[in-house]
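Once you have looked at the hints, place chain B on chain A.
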Amino acid sequence: MATESARLRVKTWICAAVVVFSNVFGNFFLKRGMPATLATPLDYLAVLFRPPVALGVLLLIVWLLSRMALLSWADLSYVLPVTAVGYVLVALAGKFLLHEQITVKRWAGIGLIVAGVALVSGGTAPQTKAAR
Amino acid sequence: MRWCWIAVIVAATTAGEVMQAFAMRRHGEIRDFRPGALGRAIAVLARNRFIVASVAAMAVSFFAYLGLLTIAELSFAVPATAVTYVLETVLARYVLKERVNWLRWAGASLVICGVALVSL
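Keeping their order, the protein sequence lines are chains A and B. For the first sequence, the residue numbers in the working numbering are 1 to 132. For the second sequence, the residue numbers in the working numbering are 1 to 120.
For the record, the hints were derived by calculation from the structure and aren't laboratory data. Treat the hints with care, since some could be wrong.
What the hints assert, rightly or not - Simulated crosslink set (EDC-like; lysine to aspartate or glutamate; CA at most 20 Å straight-line):
#	chain 1	residue 1	chain 2	residue 2
1	A	K11	B	E29
2	A	K31	B	E73
3	A	K31	A	E100
4	A	K105	B	E73
5	A	K31	A	D43
6	B	K97	B	E29
7	A	K11	B	D32
Stated by the list, open to error - Among chain B residues calculated to face chain A with C-beta under 7 Å, some are:
#	residue
8	M1
9	R2
10	C113
In this text the structure is predicted, and so the values were computed from the model without any measurement. For each residue, glycine too, the CB sits at the ideal point set by N, CA and C.
Just chain A, same shape as in the assembly:
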C-alpha cells in the first residue's frame, strides 16, 4: 500500500508539472500574439492563425489533455490548489526573463500561493477515494 501511494504521488507530480508548464507557456504565447482589440466575431477566429497564438493554443490542448489525465486519478480539490503554482512561475518568469520589478505585495502573494501548494501537496494524498 505504501508503494502504491508513493507511485501515485510521483505520477501526480510529473503530470502536475506538465499541466502547469503547458498552461504557463500556452498563455504566454497566446498573450504575445493577441492584438489590442477584437472587434468582430470573425476576428476571434482569424487571430487563431497567427503563429504565436497557434503555438499557444497547441500548448493549451496539451494542458487540457494532461489535466484530464491528472483528474482521472487525483481529486479536483487537490489539483486546483497545486496547479496554482503556475501563478508563481509567471511572476518569477517576469522577474528573471523580462526583468520586471516584483513588488512587496506580489512577493507576499507568491509566498501565500507557495504555502497553500505546500500545505495541500505535502499534507494530503492526491486521491481520497477510490474510482467510482
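Chain B only, in chain A's frame:
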C-alpha cells in the same frame, strides 16, 4: 459590462471543470501513456457527453476571457476569476463527494488570497 463577462467566465469554468473531474474520475486512472493507448483513451472520452459538455463550457470560458481582456486589465481579470477556486472546492466536496479536509480548505484559501495579491 465587465461583471457580465466575469459571471459568464466563472459559471462556465466551474461547470466545465467539475464535469471534467467527474467524467475523468468515472473513466478511471489512466495508466498507459504510450501514444496508441492515449489515442484510444481520447477516442473513448470524445464520445463521453460530460467531457464534450465540459470542453464546450471551457471553450465558452476561454473566449469570454479573451473578450474580458479586451476591456479590462489582467489585474482585474485574474483576481475576479479566482473566485472559481472557492466554488469548485465547494462543489468538489458536495457534488464530487471528495474528502476535503482542513488542510485542503486552508491551502485553497491561501492560494485564493495569494492569487489576488500577485495580480492586483
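Now for the hints, and whether the structure bears them out:
1. A:K11 with B:E29: The given pair, whose Cα atoms are some 11 Å apart, holds under the 20 Å limit.
2. A:K31 with B:E73: holds (13 Å)
3. A:K31 with A:E100: holds (16 Å)
4. A:K105 with B:E73: holds (18 Å)
5. A:K31 with A:D43: holds (15 Å)
6. B:K97 with B:E29: holds (17 Å)
7. A:K11 with B:D32: holds (12 Å)
8. M1: violated (15 Å)
9. R2: violated (15 Å)
10. C113: C113 of chain B check passes; min Cβ-Cβ to chain A is 5 Å, inside 7 Å.
When each numbered hint is compared with the structure, violations occur for hints 8, 9.
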